[in-house]
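*Asks:* In case you want the letters, here they are:
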Amino acid sequence: MLSIHNLHASIDEKRILKGINLEIKPGEVHAIMGPNGSGKSTLASVLAGREDYTVTDGSVTFNGKDLLELSPEERAGEGLFLAFQYPVEIPGLSTTNFIKTAVNEVRKYRGEEALDAVAFLKLMKEKMAMTNIDQTLLSRSLNEGFSGGEKKRNEVFQMAMLQPKLAILDETDSGLDIDAIRIVANGVNKLRSKDNAVLLVTHYQRLLDYIVPDVIHVLYNGQIVKSGPKELALELEERGYDFIKEQFKAEA
Amino acid sequence: MNNLEYIKERFSQLPTVNEQNGLGVIRQKAFDALNKMGIPTTRHEEWKYTRIGSFFNKEYKYHTAGTFSEADLAPVRLPAYEQANELFYINGHYSPELSVIRSKGLTVQSLQEASKNEYKDIVSKHLGHSSNYLKDGIIALSTAFVQDGVFVHIKKGQIIEHPIYIYNITDARQANVLAQPRTLVYVGENAQVKFVETFNTLGNQESFTNRVIEIVVEKDAITEYYKLQTDASHASQVATTHIQQIGKCVTHTVTVSLNEGLVRNNLNIVLDEEYCEAHLYGIYLQHGQSHIDNHTVVDHAKPHCESNELYKGMLDDQSTGVFNGKIFVRQDAQKTNAYQSNKNVLLSEGASVNTKPQLEIFADDVKCSHGCTIGRLDEESLFYLRSRGITEATAKSLLLHGFAVDILEQIKLAPIREYVDKLISERLEFDLA
Numbered sequence: 001m002l003s004i005h006n007l008h009a010s011i012d013e014k015r016i017l018k019g020i021n022l023e024i025k026p027g028e029v030h031a032i033m034g035p036n037g038s039g040k041s042t043l044a045s046v047l048a049g050r051e052d053y054t055v056t057d058g059s060v061t062f063n064g065k066d067l068l069e070l071s072p073e074e075r076a077g078e079g080l081f082l083a084f085q086y087p088v089e090i091p092g093l094s095t096t097n098f099i100k101t102a103v104n105e106v107r108k109y110r111g112e113e114a115l116d117a118v119a120f121l122k123l124m125k126e127k128m129a130m131t132n133i134d135q136t137l138l139s140r141s142l143n144e145g146f147s148g149g150e151k152k153r154n155e156v157f158q159m160a161m162l163q164p165k166l167a168i169l170d171e172t173d174s175g176l177d178i179d180a181i182r183i184v185a186n187g188v189n190k191l192r193s194k195d196n197a198v199l200l201v202t203h204y205q206r207l208l209d210y211i212v213p214d215v216i217h218v219l220y221n222g223q224i225v226k227s228g229p230k231e232l233a234l235e236l237e238e239r240g241y242d243f244i245k246e247q248f249k250a251e252a
Numbered sequence: 001m002n003n004l005e006y007i008k009e010r011f012s013q014l015p016t017v018n019e020q021n022g023l024g025v026i027r028q029k030a031f032d033a034l035n036k037m038g039i040p041t042t043r044h045e046e047w048k049y050t051r052i053g054s055f056f057n058k059e060y061k062y063h064t065a066g067t068f069s070e071a072d073l074a075p076v077r078l079p080a081y082e083q084a085n086e087l088f089y090i091n092g093h094y095s096p097e098l099s100v101i102r103s104k105g106l107t108v109q110s111l112q113e114a115s116k117n118e119y120k121d122i123v124s125k126h127l128g129h130s131s132n133y134l135k136d137g138i139i140a141l142s143t144a145f146v147q148d149g150v151f152v153h154i155k156k157g158q159i160i161e162h163p164i165y166i167y168n169i170t171d172a173r174q175a176n177v178l179a180q181p182r183t184l185v186y187v188g189e190n191a192q193v194k195f196v197e198t199f200n201t202l203g204n205q206e207s208f209t210n211r212v213i214e215i216v217v218e219k220d221a222i223t224e225y226y227k228l229q230t231d232a233s234h235a236s237q238v239a240t241t242h243i244q245q246i247g248k249c250v251t252h253t254v255t256v257s258l259n260e261g262l263v264r265n266n267l268n269i270v271l272d273e274e275y276c277e278a279h280l281y282g283i284y285l286q287h288g289q290s291h292i293d294n295h296t297v298v299d300h301a302k303p304h305c306e307s308n309e310l311y312k313g314m315l316d317d318q319s320t321g322v323f324n325g326k327i328f329v330r331q332d333a334q335k336t337n338a339y340q341s342n343k344n345v346l347l348s349e350g351a352s353v354n355t356k357p358q359l360e361i362f363a364d365d366v367k368c369s370h371g372c373t374i375g376r377l378d379e380e381s382l383f384y385l386r387s388r389g390i391t392e393a394t395a396k397s398l399l400l401h402g403f404a405v406d407i408l409e410q411i412k413l414a415p416i417r418e419y420v421d422k423l424i425s426e427r428l429e430f431d432l433a
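Residue numbers (full-length UniProt numbering), protein chains in the order written: chain A, 1 to 252; chain B, 1 to 433.
For the record, the hints were derived by calculation from the structure and aren't laboratory data.
The beta carbon of each residue, even a glycine, is placed where N, CA and C say it ideally should be.
Treat each hint with caution, since some may be false.
Stated by the list, open to error - Cross-link-like lysine-lysine pairs, in silico, DSBU-like; alpha carbons within 35 Å at most: (1) A:Lys108 to B:Lys155; (2) A:Lys100 to B:Lys412; (3) B:Lys422 to A:Lys100; (4) A:Lys100 to B:Lys335; (5) A:Lys190 to A:Lys125; (6) B:Lys335 to B:Lys248; (7) A:Lys125 to B:Lys422.
Unchecked claim - Between beta-carbon pairs, the in silico distance windows are: (8) A:Thr54 to B:Lys412: 46 to 54 Å; (9) B:Ser348 to A:Lys245: 43 to 51 Å; (10) B:Ser348 to A:Ala114: 55 to 63 Å; (11) A:Asp57 to B:Gly288: 54 to 62 Å; (12) B:Lys156 to A:Val118: 33 to 41 Å; (13) B:Lys412 to A:Gly64: 53 to 61 Å; (14) A:Asp66 to B:Gly288: 37 to 45 Å; (15) A:Asp12 to B:Gln289: 33 to 41 Å.
To be verified - Not the full set, but computed from the structure, chain B residues with beta-carbon under 7 Å of chain A: (16) Ala65; (17) Phe68; (18) Arg386.
Build the full structure now, drawing on both the sequences and the hints.
*Replies:* Structure below.
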């Protein structure tokens with residue numbers, strides 16, 4: 001589904017990603033962990049098409065398409081979704097109107113008819129129940145004055161509405177208490193299927209107690225330095241990232 | 001003969017000081033002021049960024065009659081007009097034939113008449129106060145021809161359920177037209193009224209409108225006033241709204257500027273009694289070569305008053321904007337609350353805006369704040385929407401529409417709010433969900 005080959009990216013001349021290789025297949029959940037500044041969020045941003053970053057080398061294919069050639073909206077149309085670490089507050093635009101526009105624009109991209117009011121409402125009701133989100137929240141301006149937990153739940157709700165093939169969750173757990181993490185993780189788990197995949201970007205192992213990954217990758221200094229099964233997270237939790245750093249230094 | 005010479009000649013043809021009422025004196029005084037000050041140029045501090053001199057170097061017809069059929073007027077009528085009082089000005093001349101008065105307690109007559117009958121004390125006391133704040137030839141020009149104006153009287157205690165729609169129409173089908181619609185409104189004690197004012201030029205010749213409306217609001221009255229400016233690129237205007245709050249009362253104004261040509265707005269609000277409240281909002285969307293200039297004055301003359309001002313603008317292409325917001329807090333006006341904010345989004349390299357808050361505070365126990373911003377569309381917000389599959393163009397429209405929403409919400413007349421929302425959405429090529 002997603003195939004990243006030797007990806008290099010920089011921002012303002014500063015090299016952040018230095019040769020990432022990663023394969024994700026349908027049905028898989030991958031986690032990317034790593035210390036601050038290792039390039040985790042950069043990877044998520046580059047995949048979603050944030051224009052601040054320049055890809056200097058390498059390739060990314062997504063379901064056979066050259067992802068890097070696509071605009072952010074085209075990537076969403078192809079089925080990629082990024083749950084933001086810091087969801088943006090948009091005054092004057094209700095979440096409902098926003099998500100309705102998004103759903104129909106994505107449908108248009110895929111050559112499908114726009115949903116009529118009844119069909120949209122039905123879909124929304126269903127996904128609201130699934131992600132445990134309240135109608136009053138959706139009538140308000142997008143993320144405006146939402147708590148941290150509400151913003152993240154709104155991200156998961158949007159994900160449910162858009163039904164992506166690949167969901168990238170960028171530090172969705174950051175700043176959330178354990179109850180909020182549980183709610184968010186629950187939502188994500190309900191959306192997992194054999195056809196779609198999830199890429200979790202996280203600093204801590206805690207989220208992985210609730211969303212169990214198939215593979216864990218450790219990102220350090222712009223490269224994946226270690227990959228392994230879910231037990232790797234426990235090791236990281238116990239020993240911290242220092243042993244990775246030391247190992248990396250020794251190898252270098 | 002250029003426009004100004006032509007106007008002066010028209011003035012000299014009218015009977016003036018010899019008229020047996022108060023208007024003659026005020027007119028002659030204004031005419032002298034016009035001769036002394038002339039039409040303001042950009043050397044005039046208050047006209048630094050708005051150039052109107054060229055309009056007076058052309059030939060215009062002044063005050064010619066226009067004839068319109070019902071069909072001509074259909075496109076300019078506002079929604080729900082069947083439920084409104086409608087006042088029509090054609091080329092600055094009030095048309096009783098076209099106008100429709102539905103409400104009890106609402107009297108409309110010529111200023112000429114009102115200056116002689118039972119309203120003469122009101123007229124002589126309140127007419128022309130705008131010139132205390134606007135010291136230039138343009139306001140003088142209006143007042144020099146004030147005998148053509150209209151007096152609107154809202155009776156004490158009357159709630160005018162039907163809004164009053166004021167249509168300023170210029171008939172530019174045959175020639176360039178200069179129009180000077182003039183109105184004095186008196187809102188009696190404990191009365192309630194809503195005004196909606198629009199400007200339309202019919203025909204392809206040029207028009208210049210010099211509009212002055214003065215509104216006097218008595219104790220316990222509530223006045224809402226909405227100004228909608230959507231006129232064509234060959235239509236320019238200076239539109240002055242002067243509100244004098246002479247009793248403890250509330251006013252609420254929203255100025256919507258979607259003009260294609262040049263617009264200069266003067267909005268003066270004088271809080272002339274304790275515990276007055278004034279809310280002023282504005283939204284402007286400019287594109288092409290259009291120009292919008294909002295000059296506002298809020299004069300806190302008495303203690304315990306509150307004013308709230310928020311103007312928002314979006315400027316695209318080569319359009320230009322000006323915001324100048326003055327707040328005076330007089331020495332007497334302790335416990336004043338005065339807030340002002342102006343926010344602008346520039347959508348192109350070629351668009352520009354000059355914004356200037358100006359607070360002059362002479363009292364010491366007051367709460368005042370002001371702020372202005374000029375920025376571009378937020379890239380992060382744009383990326384957020386695009387990452388959800390929304391195209392860049394639609395994402396921009398959604399963000400800009402969102403920017404306008406808090407001003408739209410201040411239009412309390414539902415049919416007008418929906419109408420303005422539609423106009424704004426069309427301008428933004430935004431599909432209302």
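*Asks:* For each hint, tell me whether it holds in the structure or not.
*Replies:* How the hints compare with the structure:
1. Simply put, Lys108 (chain A) and Lys155 (chain B) have alpha-carbon atoms about 57 Å apart, too far for the 35 Å limit, and the pair is violated.
2. With a CA separation close to 27 Å, the supplied pair Lys100 (chain A) and Lys412 (chain B) stays within the 35 Å bound.
3. Distance hint between Lys422 (chain B) and Lys100 (chain A) is fulfilled; the C-alpha atoms sit about 19 Å from each other, no more than 35 Å.
4. The hinted pair formed by Lys100 (chain A) and Lys335 (chain B) fails the criterion: a straight-line CA distance of about 47 Å is larger than 35 Å.
5. For the proposed pair Lys190 (chain A) and Lys125 (chain A), the alpha carbon gap of about 15 Å is at most 35 Å, so the pair holds.
6. For the hint linking Lys335 (chain B) to Lys248 (chain B), the alpha-carbon distance of about 15 Å falls within 35 Å, and the restraint holds.
7. The suggested pairing of Lys125 (chain A) with Lys422 (chain B) holds, with an alpha-carbon distance near 29 Å, which does not exceed 35 Å.
8. In this structure, Thr54 (chain A) and Lys412 (chain B) meet the distance hint of 46 to 54 Å, their C-beta atoms being roughly 50 Å apart.
9. As the Cβ distance of Ser348 (chain B) to Lys245 (chain A) is approximately 48 Å, the hint placing it in 43 to 51 Å holds.
10. The beta-carbon spacing between Ser348 (chain B) and Ala114 (chain A), approximately 31 Å, falls outside the hinted interval of 55 to 63 Å.
11. The hinted window of 54 to 62 Å between Asp57 (chain A) and Gly288 (chain B) is violated, with their beta carbons roughly 44 Å apart.
12. Evaluation of the 33 to 41 Å hint for Lys156 (chain B) and Val118 (chain A) yields a failure: the beta carbon distance comes to about 52 Å.
13. Checked against the hint of 53 to 61 Å, the C-beta distance between Lys412 (chain B) and Gly64 (chain A) comes to roughly 55 Å, which is consistent with it.
14. One distance hint, 37 to 45 Å for the beta-carbon pair Asp66 (chain A) and Gly288 (chain B), holds here, with the actual separation near 39 Å.
15. Look at Asp12 (chain A) against Gln289 (chain B): about 37 Å separates their beta carbons, and that is inside 33 to 41 Å.
16. A least Cβ separation of about 45 Å between Ala65 (chain B) and chain A goes past the 7 Å threshold, and the interface hint is therefore violated.
17. Checking Phe68 (chain B) against chain A: minimum C-beta separation of about 38 Å lies over 7 Å; hint violated.
18. The beta carbon of Arg386 (chain B) is positioned within 7 Å of a beta carbon in chain A (closest approach about 4 Å), and the interface hint is therefore held.
Checked against the numbered hints given earlier, this structure breaks hints 1, 4, 10, 11, 12, 16, 17; the rest are met.
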